[in-house]
Structures are given as C-alpha cells and as structure tokens.
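I would like the entire structure built from these sequences, with the hints used as guidance.
Residue numbers (the working numbering), protein chains in the order written: chain A, 1 to 352; chain B, 1 to 468; chain C, 1 to 310.
Don't take every hint at face value.
[Unchecked claim] Which residues of chain B face chain A? A few of them, derived with a C-beta cut under 8 Å, are:
no.	residue
1	Glu9
2	Phe11
3	Lys12
4	Phe13
5	Val14
6	Val16
7	Asp197
8	Gly243
[Claimed, not checked] In the DMTMM-like style, the derived pairs of lysine to aspartate or glutamate whose C-alpha atoms are separated by at most 25 Å in a straight line are:
no.	chain 1	residue 1	chain 2	residue 2
9	A	Lys151	C	Glu206
10	B	Lys290	B	Glu360
11	B	Lys86	B	Glu176
12	A	Lys88	A	Asp113
13	B	Lys363	B	Asp292
14	A	Lys36	A	Glu77
15	C	Lys3	B	Asp33
16	B	Lys119	B	Asp177
17	B	Lys12	A	Glu206
18	A	Lys84	C	Glu206
19	B	Lys219	B	Asp194
20	B	Lys39	C	Asp207
21	C	Lys7	B	Asp292
22	B	Lys39	B	Glu360
23	B	Lys40	C	Glu202
24	A	Lys222	A	Glu206
25	A	Lys88	C	Glu206
26	A	Lys23	C	Asp207
27	C	Lys3	A	Glu156
28	A	Lys23	B	Glu182
29	A	Lys88	C	Asp207
30	B	Lys40	C	Asp128
31	A	Lys140	A	Glu197
32	A	Lys151	C	Asp207
33	C	Lys7	A	Glu308
34	A	Lys23	C	Glu206
35	A	Lys148	C	Asp128
36	B	Lys86	B	Asp225
37	A	Lys72	A	Asp4
38	A	Lys222	A	Glu43
Everything labelled a hint here was simulated from the structure, so no lab data went into it.
Keep in mind the model is a prediction, meaning the values are calculated, not measured.
Quick reminder that beta carbons are idealized off the backbone N, C-alpha and C, glycines included.
Spelled out, the chains give:
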Amino acid sequence: MSDDILQVENLKVEFSTYGGTVKAVRGVSFSVERSKTLAIVGESGCGKSVSVQSIMGLIPMPPGRITSGSAKINGHEIIGLSAKEANKYRGVEIAMIFQDPMSSLNPTMTIGDQISETLMVHKGFSYKEASKQAVELLEKTHIPEAAKRAKQYPFEFSGGMLQRAMIAQSLACNPTILIADEPTTALDVTIQAQILELMSELQQSEGMSIVLITHDLAVVAKMADRVAVMYAGQVIEMGNVDEIFYQSSHPYTLGLKEAMPSNQKDKGKKLTPIAGSPPDLFSPPSGCAYYARCPYAMAICETQMPDEFLIATDGDKNNNQKDSDHYSRCWLQHPDSPQVDSLYQSGRTNVS
Amino acid sequence: MNSYSPSEEDFKFVTVLDKGDQLTRPSLSYWQDAWLRLKKNTRAIISLYIIIGLALFTLVGPYLWRTDPALQDLNQISQTPSFPKKAVVVGPYKRWAGIVLNDFPAEPEEYLDFIPAPKNLKVVDAATTQQVRLSWDPVVGAGGYNIYRNQREPESINDLGLPLGSTLGGNEVSYEDRLNLESRQYYYSLVSTDGLDESDAYISIEVTPQLTIELATAKSRGLVDESSNEINVEISLEFHPMGTDYLGRDMLARLMQGARVSLFIGIFAPFLYVLFGIFYGGSAGYFGGKLDAFLMRFADFVVALPFLLFIILFKIGFGIGPGESGVLPMLIALVLLGWPATARLVRGQVLQIREEGYIEAAKLLGAKNHYLITRHIIPNAMGVILVTLTFAVPADIFTEALLSFIGMGVAPPTPSWGSMCNEGVKTMLSHPHELIFPALFISITVLAFNLLGDGLTEALDSRMRSRE
Amino acid sequence: MLKYTLKRLLAGIITVWFIATATFIAMHQVPGDPLMNDKAVPPEIRKNLEKKYGLDKSVPEQYVIFLGNMLKGDFGISFTQQNRKVNDIIRDHFPVSATLGIMAIFIAAVGGVLWGALTALYRNRLPDIIIMFLVILGISVPSFVFAALGQLLLVNINSFFGYSILPVAGWGTFSHMIMPSLVLGLGTMALLTRLMRSSMLEIVNEDYIKTAKAKGLSPTRIFFRHQLRNAILPVITILGPQIAAITTGGFVVELVFAIPGLGRYFVQAVQQLDYTVIMGTTVFYGAFLVFMVIVVDILYGFIDPRVRLK
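Written as structure tokens, this is what we have:
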C-alpha cells in the first residue's frame, strides 16, 4: 500500500456561462504522498486552481459543476459531501492558503480572531484558549510581536505578513494537507523566498503534505517532490521533479523550460516564449490541446487525444499505483512516432 | 484507453498555421456587445417597449384622441371608466310646484308618541338625472318629512345616507331632488317628523334615474344638429374610456397632456444637467489640481443643500406669472440642483480612466489632449453616463410628481401626473380611479426606466464582462 | 479620528454658511415684496413694518444682519403670524417631524438589512423573487400614493372591525405614528433592501468568504460573522443622504395624515410667502441634514476599523 494522503481520480469540472459550457477541468488525476510536496504547474486558465478549489468545495455551484471524479483524503471521499460533512475535513485535515493574502482575510475582524475562530469551531476551544493558541501560531510563523499583531486588522499588515498569518491560520488544526494556491504570486521576490522557506520549514516540523499551485518553475524546482504539468484542463505530464526537469517528455514542458530564465547554463541565450495562446475551453479540440502551438505537431495530434504514455516506473515494480511513475500525454511517446532530439522519448533517449 | 490505432501517416510532422490566436468567438464592439446583453434581458426589453409606448402615448396620442382636456363634461362628473353612455335629450328644466294637500293639516293636531313611516313613496314623472320627483301619502301626526338619499340599501334608520332636505308641513308630501344626480342606483328614504323630532320608522324606495341631457347643452357640445328640436330621442354622450375627473374633464386626454409635462421635465432636466455635469466633472477630473479642488468643493456645497426645500425656493424665486404653467421654473430649479451628482461621477470616471494603461500608451505614442478625450476618455465613460441618465429620469419624474402633489409644482389648470394625483387624492374614497390612473402612469414610467437602467448597468458593466 | 471629526465639523459649518447664503439670495429673487400680502397698507404703517423687518436697509446690510442673527440662532418673527417667533415655530413643530423621520429611518434600516439579507440567502428562490418584486414596487410607487393607500387601508381596517384600531390622521400618541412612519420609510426600505442584497451578493464572491469556507466554518457562521457584517457597511454609508430623502418625503406624509410637523408648516409658509419662516426653516433643515450626515460618517468610522484607525 502506498502512503497516499490525497488521491484525486478523473476530476471533471464545468462552468455554465452566457455563451455555453466551459470545460475547465477535463479528467485530472493526481495523488500526494505523506509529507511530500506536489506542485501543479501551468499557465493561467489551465484549470489548476479550479481543480483544487473543487476538491475543497469552493467552486460556486452554479455556475460550476463537478461532472465526475473522486477525491479521497486518507481513503475518505470528500467530493459531493454536504457542507456539514465536508467541514469535518475542511480546515481540519485539509487547509488552504490563497494567492492574494490582502483580500483573503476578513477586513473587519482582527487577525487573532480569525485564527481563533477555526480553533473554536473545530476544537471547541474557549475564546481565551483559542486566542492564546492563535498568538502561538503567529509566533510559529515568525511574526514579530505576535500578541500585539493578533489584535490588529488585516489592513495594518503588509502582504508578506498577511501570508504568514494565513499560513498560521491554516495550521491551526494541524492539517495533513496544505493546499497553497499560488501563495507567492502577489508578493515581492524577497518576500516570496521567505514564505517558501517558511513553508518548507513548517513541512519539516509538522510533517504535512503540500499541494503547491504555481506557474513559476523556479518555485517548483525549489519546493516540489512530484510535479503535475497542466494544460487546458488536463495533466499532460507528471513525474518526479528531476524527471520533469531533466527528462521532459512533453513539448509543452519543454516550452515552459525554455521560457524560464536560468543563471547556470545557456548564458546569453534568448528566452523563447511559447507562441500563440491556449485553446478556448468553450469548445476544446478533439485532439491534443497543445496541437496548435506545438513545434512538433503531427497529423494525428489534430484529431486524436493522446493516451497517457508511461515513460518510467520507479521503485516497486509490483505497485500498481502511479505514485512515482513518470508519464506524458503526447503522441511523440508512441513507439511509431518520429524522433525529436530535444525531447526525452521513452526507450529512445539515453538518460542524461 | 484510446482504441484508435495510429497508422504511419499519422506520425508525419505538420505545420500548423493557426497558432490558437484566432478567436473562436466573434469580435464585437463595446456597444454591440452591450446591446446583445441587453437584448437577453427580458425585463429591460419590456421596459424599453413600455418607454417607447409612453413616448407614442404622449406625442401621437393627442392626435388620435382629440377630446379637449380642458372641456368640462358636466353630465359626466367623476365618471368611472365605462363604455359610451346614452342619454335622452330633454327640454329645459321646468319648475315643479310640488304637492301640498289642502285637506290635511300642516301642523299635527295632536302629538303622537309614535308616528309611523309614510306609505306609498313613489316617483312622480320619470326619474332622470335632471330631476327625481317623489311623492307619498300623508301620515297622521306628522308635521314634516325628512328625505335621505343613499347609494346602497339602508340597513337601519342610522344608515339612510345623505340628508337631502325636509318638508315643513304634514301636508307637504313631495320632494324634488336635483343634487348632483348620476345615472346609478339610489335609495331614497323618508322619515316623518312631528315638526322637530324624527320618528323611528322609515320607508325606502330604489330609484335609478335615466341619464338625460338638455337640448341646449347637447347643441352647444355638438351632440345634435343645431337645427334639431327633437326631444326624448336617445343620443350618445362623449366617450370617456378612462372616466372623468371631479370637473368632468376627460381623464385620458388629461393623462396625455399631463404626460407631456411630466415626461418633458423628467427627461429634459436630467439631460441638461447630465450634460453640464459631464462638462463640469470632466474638466475637474481632466485638469485636476487646484481647479479640481475648487470645482469639487463647490459641488459639495450644492449637494448639501436640502433638495426639496431648495427646489421650492428656487421655483418661487423664479416666480410664476399669470397664465404660466410653472414648467420652466421647475426645469431650471431641477437643473440647478441636479448636476453635482453627475459631475462627481464623471470626475471619478475620468480620474480612473486617466490612470489606465491605454491612456499612458496613447500618450507615449504622442496623442494630443483632444484625441485622448474624444477617443479614449469619453467613450469609456459613456456607459456610466448613460446609466446615470437612465436613473436620473425616474428620480426627476418623482420629484415633479411630489412637488405637484404638495401644490408646489405646475400651476393649474396645466395637468401633470403629480397634480392629477393631488386632485385625485381628495376624492380617493368615492372615485378612486381619479388617483389610480395618474399614480399608475407615474409608477409604470418610473418602473420602466429603473428596470432599463438595471439592464444597462448589467450590460455595460465591464467588471461583469471580465468575470465571464 | 478626533482630527477627522473636527475637520468634518469645520467643513459642515462652512456648508451651513453656504446654505444660508443661497437661501438669502433665492429669497431676494422672489418677485414682489414680502409685504404685498397685506393689501392697501397705508404708507406710514408700511414704513413701520419695513423697519420692523429691516427691509428699509440695503441688501448687503440685510445680508450681514441676517448672518448675524443666524449666528445668534435667531430666525426673526413670522410675517403672517406677527406675534410668533420663527424659533418658536421650529421648536414646536420640528420635534414632530424629527420623531416621524427617526421612526421611519429606523424601520427602513432594520427592514432593509433584514430583507436584503434574506433575499441574498434565498437568491433566485421564491422569497427572493417575492421580496424583490415588492422592492421594485416600493421604488416605483411615489410616496404620496403610499400615504393615500395607507390611509385608505386604515379606513377600511377600522370600519371592518367597527372601532378605531389605528387613527387615520392626526398626531399625539404612538398609535398615530405607526402608519405615517411606515409609509415614509417604505421607499427608503426598498432602496436599502436592494443595496443590501447586491452588497451581500458581492461579498459572497470575496476571497475571504472562500477562506472562511476553506476553514470549515458552517454556512450560518459564515453568513453572520463574515458576510452580514461586511455587507452592512455600504448600507450605513448611504444612511446619511437617506435621512435627507426621508425628511423631504415627510412633507407629503405630514400633509396627507394631517400631522403638525415642520414640513407641513414650510409648505404653508411658501404658499403664504412667509419670508422669515421660509428662510429660517430652510437654514435650520440644511444645518440639521449637514449635521446628520457628519454624525453618520463618524458613526461609520466606529464600525469600520479601516476608517477608525486611520
């Protein structure tokens, strides 16, 4: 048995809008191991936030709709639960922090009260106990003068401090999973590093798993154990962090890497942006969603959706779980496909 | 998984020309898009039709319905809405001497404890709206009779209705009623008196007078030929589809004329002050600095003036000369007090738009002030301005109605919906249609403009657009 | 906060001066002169009267005297009731209008918040549809129609029960106040309901509501602790200007229900061109409204920490 804390299977989410239905998430599966970090990476609008928010039950319904899929925490299904049942997990087993800490905290409640609220609701603490614990949590996230800070309102905090407070709040009930939805996007670069540092530190001390959503490959490299690359509502490549970076098996992953600045190799080389824009999920293409932008597009890609091709299985051969497998949704991984030099193709390219 | 088995052909590289930049949705201009959204909003579209209908009612209506709104149809006062009425032409009123019995004592010969109700109460001649003549048999011991008229059947002696009058002798056994007779059911009741006190017994009859019109009146109103001398023929009276008011004026014609006043003020005043507000707020926002501070401080002062009091003050300040309707003073007063809200809004918009990236970009490309204002600032502020205008119309229709209702609006006899309500509220209990119709017109107009405004807000709101 | 309050008060005083000046100018534009009502006044008496009211002086002098008297809080003597001071008229009749207004604004605010929250809670379901239909009626029907209908309703109720449950008109006891203040508050209540609803619906989409959900709070708790409190804030900000609207609506209600308030008195004074009463009442009302807006703003500061702590 693997040590999966969170397992998501074939999740599909749609939104009905003015003009029709937008298929925002089109069959996403991933799993997270205990005390490990899964990074979900992709450009804006690819469905990475929607995926995790639908797991948390945060998608407004209507217009949103989870058409199929399951998500299990320690084996307990959490999709389709009533608010009351879901609240046994939300904030307790699974906590979440958001992109914009400025707007993610109630502007008319003190920071301390917002943290102690979670404790009072889930642990039945008295207001006094909860307030004391809230200050301790703030200290844990290295907020100076925590006791004084707890009595302040969000607008009196800086962005970085607010994100620390958000993290403190999410830690209140010792969750097994922390979902961080682009936690550093709205922050300055220096603050970003501090917040990421804090998250790894807390992961060490608390032993929680992290699902990190980001579009920043540098953050992925720094934080992740496993990586899921998403494009147009699908996971198009999934693997361990090294596999994703050094054995990139999908042209989109290659494109992302080339668009990322690096200070070690390729000095003086121009960054290559990925031309074009992602397809309209109003009417997703029947074939590969990346077809239009792919430099290696083939005839088959236009009409046929590529399978998940297994690139490598690591570790336990008897294990059916895909926990540590590396796979890619690209026809170039088909044994009959032509060779592409820059791409890692299963069974053809030597491991570098 | 995928059941498709690829062939060798499938794995040929292809060149994709469409890089996904091509738009799958049709490209629409701001206004096209807004119009499409508005069209989907059923309520707003119905409101739009209602507004068009009102405009036709006001502008075309008087040409189709040619009744003079000032004409007083005294045969049909406070008439409820009905089909055309028929009336019988009669000659001029002839005096009636009444019936006084000579063989019966005027004063009772002895005072009885109980005087019974008179018997045989009946109508003499034909009961018409010209006159109703009653007669009855005398009662022994009576020194006079009291006559009452009610519009429903009396339930007890305390429920006899309007006291019409009394006769002053036991032998005076007739009464002629000429008091505002209408062609409807009446219950006449008769109670004997001993000369001072009333008896406890009464008798009632039901009378429905025939609607009549005097020949001379019919001639003067053109209902019969000038040469005709026919009497007792039935003719059709003027048709009042929405009834008449307390002076017998045609409600429909007055509502049309009132609509002119109400809608003129309600649409023209906002139009003027929104225009001024755009200019004022636009210059404040665009030029900024000290001018902005000064202009806005002044606008703050004007906003602080108690609105209704100052409308009234300004209106009497301009004065209404004899024969004037008071529409112009009200218009000026509304404009003088109405502009600051728009000015503030436009200034806010301009300040916001001025900071937008595309203005910066246009400036970098060397755009001149004139170009920036006409190509960027005005088109982008237009949506908000249009919405303000739509909401200002019902607000001013309300203000006009309110002022006219408290007698501070247009001067009589010029009708406006508000002043018609003012007149209607006095007869609210007996003739509710005189209040209901103008009130309904105000409400529907205000409702239509409000719903249209809501629809426009939704259709033009860029925040909502980006959400989808 | 103290500095803010003082600043607001100072601005308020300047505003009142502006109102007084505007009143003075407007009244001096009125055609004819104040003594025209008394027909055929002998020249000597007319002169005396002019002296009594200070009309023999030049306009700038009159203005200075007017401002001076305003500062002392003296609004002069009525033209039509020559033994009555304007101050007395205000003192006698304003409390009536104020009571009516306060009751109406209370009804409107409580009702508006309640109904607005309810509609947001039952969004697009039957209670929402019914309430929003009533709200549209409330916004579209003029206050005088409500007043007339309210009175009609009372007449019918009283005649149905055979005795007077609520008085149809007049003033004096609490039962006199119920229907007029209800009628007066109706329009504002409709407006506040609408505002509250849209404010609630906007807040549903705020990130911090998402945070609260992610924290595992119950929907009830989110509704009361996070949504309601933040949604009320914009409603409070428009309470100040709404007090002005209620006051003006009060004129009509006072007329229809025969309530001896200052509004009815003002209308009467305008009809009789009673200069001192018109000027006094206008300036008094203006000052009152300016003051109320400041009070509401300061009150708002106490509720919203973002304003209070800045």
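Results of checking the hints against the structure:
no. : hint                   : in the structure
1   : Glu9                   : 6 Å, holds
2   : Phe11                  : 5 Å, holds
3   : Lys12                  : 5 Å, holds
4   : Phe13                  : 6 Å, holds
5   : Val14                  : 5 Å, holds
6   : Val16                  : 5 Å, holds
7   : Asp197                 : 77 Å, violated
8   : Gly243                 : 47 Å, violated
9   : A/Lys151 with C/Glu206 : 23 Å, holds
10  : B/Lys290 with B/Glu360 : 23 Å, holds
11  : B/Lys86 with B/Glu176  : 24 Å, holds
12  : A/Lys88 with A/Asp113  : 21 Å, holds
13  : B/Lys363 with B/Asp292 : 21 Å, holds
14  : A/Lys36 with A/Glu77   : 21 Å, holds
15  : C/Lys3 with B/Asp33    : 48 Å, violated
16  : B/Lys119 with B/Asp177 : 19 Å, holds
17  : B/Lys12 with A/Glu206  : 52 Å, violated
18  : A/Lys84 with C/Glu206  : 21 Å, holds
19  : B/Lys219 with B/Asp194 : 47 Å, violated
20  : B/Lys39 with C/Asp207  : 32 Å, violated
21  : C/Lys7 with B/Asp292   : 20 Å, holds
22  : B/Lys39 with B/Glu360  : 34 Å, violated
23  : B/Lys40 with C/Glu202  : 22 Å, holds
24  : A/Lys222 with A/Glu206 : 19 Å, holds
25  : A/Lys88 with C/Glu206  : 23 Å, holds
26  : A/Lys23 with C/Asp207  : 23 Å, holds
27  : C/Lys3 with A/Glu156   : 20 Å, holds
28  : A/Lys23 with B/Glu182  : 72 Å, violated
29  : A/Lys88 with C/Asp207  : 21 Å, holds
30  : B/Lys40 with C/Asp128  : 21 Å, holds
31  : A/Lys140 with A/Glu197 : 13 Å, holds
32  : A/Lys151 with C/Asp207 : 21 Å, holds
33  : C/Lys7 with A/Glu308   : 69 Å, violated
34  : A/Lys23 with C/Glu206  : 23 Å, holds
35  : A/Lys148 with C/Asp128 : 43 Å, violated
36  : B/Lys86 with B/Asp225  : 17 Å, holds
37  : A/Lys72 with A/Asp4    : 9 Å, holds
38  : A/Lys222 with A/Glu43  : 18 Å, holds
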